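Asks: So you can see what is in the structure, the chains are spelled out below.
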Amino acid sequence: MAETRRKFLNALIGTGLVGWLASVLYPVFSFLKPPELPEATVSSIKWGVATDFPAGTSEIVKFGRTPVLLIRLDSGEFKAFEATCTHLDCTVQFRSDKKDIWCACHNGIYDLRGLNVSGPPPRPLSQYAVNVVDGELFVAKAEA
Amino acid sequence: MSTKKEQVFQWLDERFQLSPLIEFMRHKMVPIHRHTIWYYMGGVSLFLFIVQLFTGILLLLYYQPGEDSAYESIRFIMNKVPFGWLFRSIHSWGANLFIFFIFVHMFSTYFTAAYRKPRELTWVTGFILLLLAMGFGFSGYLLPWNELAFFATKVGTDIAGVVPLIGDAIKIVLRGGPDVTGATLTRFYAFHIALIPAIFTIFLGIHLLFVQRQGMHEPESVANMPADRKKMIPFFPNFLLRDVFAWLIVLNLVLFLSVFFPWEIGVKADPFVPAPAGIRPEWFFMFMFQALKWIPPHILGMEGEVLGVLAFAIAALAWMLVPFWEIRSRSTGKLKPMVLIGLFALFFIIVMTIIGYAV
Ligand code: FES
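As given, the protein sequences belong to chains A and B, one line each in that order. For the record, in the first sequence the residue sitting at position 75 is 84 according to my numbering, with numbers rising by one throughout. For the record, in the second sequence the residue sitting at position 226 is 769 according to my numbering, with numbers rising by one throughout.
Please keep in mind that the hints were generated in silico from the structure rather than gathered at the bench. Predicted, not measured: the structure shown is a model, and the values here were computed from it. There may be inaccurate statements among the hints.
Claimed, not checked - List time: in silico SDA-like cross-link candidates among lysine to any residue, alpha-carbon distance up to 25 Å:
#1 A:Lys71 / B:Asp611
#2 B:Lys714 / A:Asn116
#3 A:Lys107 / B:Gly586
#4 A:Lys71 / B:Lys836
#5 A:Lys71 / B:Lys811
#6 B:Lys571 / B:Asp722
#7 B:Lys879 / B:Ala656
#8 A:Lys107 / B:Lys836
#9 A:Lys42 / B:Pro707
#10 A:Lys71 / B:Val754
Claimed, not checked - With beta-carbon atoms standing in for the labels, derived distance ranges:
#11 B:Arg873 / A:Gly25: 45 to 55 Å
#12 B:Leu791 / A:Pro36: 40 to 50 Å
#13 A:Gly25 / B:Lys774: 55 to 65 Å
#14 A:Glu48 / B:Val894: 43 to 53 Å
#15 B:Phe890 / A:Asp109: 31 to 41 Å
#16 A:Gly25 / B:Ile565: 41 to 51 Å
#17 A:Pro36 / B:Gln607: 26 to 36 Å
#18 A:Arg14 / B:Phe887: 56 to 66 Å
#19 B:Leu604 / A:Asp143: 55 to 65 Å
#20 B:Pro707 / A:Thr66: 35 to 45 Å
#21 B:Ile749 / A:Asp109: 47 to 57 Å
#22 B:Gly758 / A:Pro43: 21 to 31 Å
As the list claims (entries may be wrong) - To give an idea of the interface, some chain A residues facing chain B are shown, with a C-beta separation under 7 Å as derived from the structure:
#23 Phe17
#24 Leu21
#25 Leu41
#26 Lys42
#27 Pro43
#28 Lys71
#29 Pro76
#30 Asp98
#31 Cys99
#32 Gln102
#33 Ala113
#34 His115
#35 Ile118
#36 Gly128
#37 Pro129
We put the beta carbon where it would ideally sit given N, CA and C, even for glycine.
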């Protein structure tokens, strides 16, 4: 009789302890995870007068908190890609001499359509839409 | 009539039972043989840890974490604060030597098979200390908030994100959000000056306690010697003095490096500037980094990176548990299986590191 009672009490204390531990750890782990900050959703940004952008050059523009690589090809056509490398997050750059997009971190190379052609990047860069409205250059999230 | 000194001692002894401790110290002996040099490596690592503690506390007086202040405060330390350049350089060089000597200490205990019974747990705690030291290095690297560190941290935390299932959560917890930002800096600061030091101190305490309980390990060749051929010296003060001498040499080395090659600050990080060429992690991550780079993006339908990270995790676990699965062979030849494994690990680390810097 005493034996069963002891077992029962031990189990009770044990479960209590586990519950207590969980109730301490849960808030701690939740605290570690940062709350998602409401980001003012940027859907489009204005760059300026399109003719001010020389052909064969590039610029990294801030699209909210995302860096976006804006390129004007020699043909005068505009291209925009998310500038974050799909490999391990470095910021890519346009190489005007090689006519490609390059990631210096591990020598990842994309072509001017944003396709990963060599090196470690596993996926193409995601594309942004570029529009010229009344001579003004706009970069916008591409329609999915 | 006892002297003042004896009275003080007696007062303390009655309260804290010092006599057994002193007795212990008096009898602690250190074997002297041709492998004795390796006995100093742990002590040197410990010494460098103390140097880090000391210079780290000094740097805390001026360092300001934050996207807009971290880099500037390091500049201020380097250019304006009297001897600021010196203490920051010592902290950076010291960190590198600290990890270097932990590696030397680890491999020397490995090759002398010092991890065997009764020191299994000493080995395990030692390995945990190495991991924590690498954590010190990784978190400290970002604090100057320069370009190199910024992208190295992006890459490093992204690799952590590769771990199946929990990777993404780890990445977000490490970064304090989806990207490396000022929030990451705040976190790494907290890890670097509070969290890791606290855990490190606990494991260091246990590690040192074990070493004190078990005494110095004798390599097989020495342990098998007849007792009359063995040479021993007292730890206190003879061996301790030698230890201190080794520390002085290391201190001079740190000072030499700091004075003649002050640590650079680099260019301030800017998330809206492309990664510069020549991004690389600290040297002690280089071998993993280089190996990961060589893994093709896809293997058997799995992402290569995932496979690589898992392989390293398994290798690390196996290394930590070496005392529990050791392959013993009865052959008397020089190249025993464990020696081969150790040589392979050492060779892998060295060659990968060299390649990492060469290409
Ligand atoms: S992060 Fe771009 S190639 Fe690795």
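Asks: Starting from the hint 55 to 65 Å, judge whether the C-beta atoms of Gly25 (chain A) and Lys774 (chain B) obey it.
Replies: Because 58 Å falls inside the window, the suggested range holds.
Asks: Given the hint that Lys107 (chain A) pairs with Lys836 (chain B), does the C-alpha gap stay at or below 25 Å?
Replies: OK: Lys107 (chain A) and Lys836 (chain B) at ~23 Å, within 25 Å.
Asks: Below or equal to 25 Å on CA atoms is what counts here, so check Lys571 (chain B) against Asp722 (chain B).
Replies: Measuring from Cα to Cα gives roughly 53 Å; hence the hint is violated.
Asks: Quick check on Phe17 (chain A) please, does its C-beta sit within 7 Å of some C-beta on chain B?
Replies: violated, 36 Å
Asks: Can we keep the His115 (chain A) interface hint, with Cβ of chain B closer than 7 Å?
Replies: holds, 6 Å
Asks: Does Pro129 (chain A) meet its interface restraint, that is, does its C-beta lie within less than 7 Å of any C-beta in chain B?
Replies: holds, 6 Å
Asks: Regarding the hint that Ala113 (chain A) lies at the interface with chain B, is the smallest CB-CB distance below 7 Å?
Replies: It holds, given that the least Cβ distance between Ala113 (chain A) and chain B is near 4 Å, below 7 Å.
Asks: Hint check: is the beta carbon of Lys71 (chain A) less than 7 Å from a beta carbon of chain B?
Replies: holds, 6 Å
Asks: Lying within 41 to 51 Å: is that true of the beta-carbon distance Gly25 (chain A) to Ile565 (chain B)?
Replies: For Gly25 (chain A) and Ile565 (chain B) the Cβ distance comes to about 46 Å; the hint holds.
Asks: Are Gly128 (chain A) and chain B close enough, Cβ to Cβ, to be under 7 Å, as the hint says?
Replies: Interface hint status for Gly128 (chain A): violated (9 Å vs cutoff 7 Å).
Asks: Assess, step by step, whether the Cα of Lys71 (chain A) is no farther than 25 Å from the Cα of Lys811 (chain B), and give holds or violated.
Replies: Distance ~18 Å between Lys71 (chain A) and Lys811 (chain B) Cα, so the pair holds.
Asks: Could you tell me whether the CB distance from Phe890 (chain B) to Asp109 (chain A) stays inside 31 to 41 Å?
Replies: holds, 37 Å
The structure does not agree with the numbered hints 3, 4, 6, 10, 22, 23, 24, 35, 36 stated previously, though it agrees with the rest.
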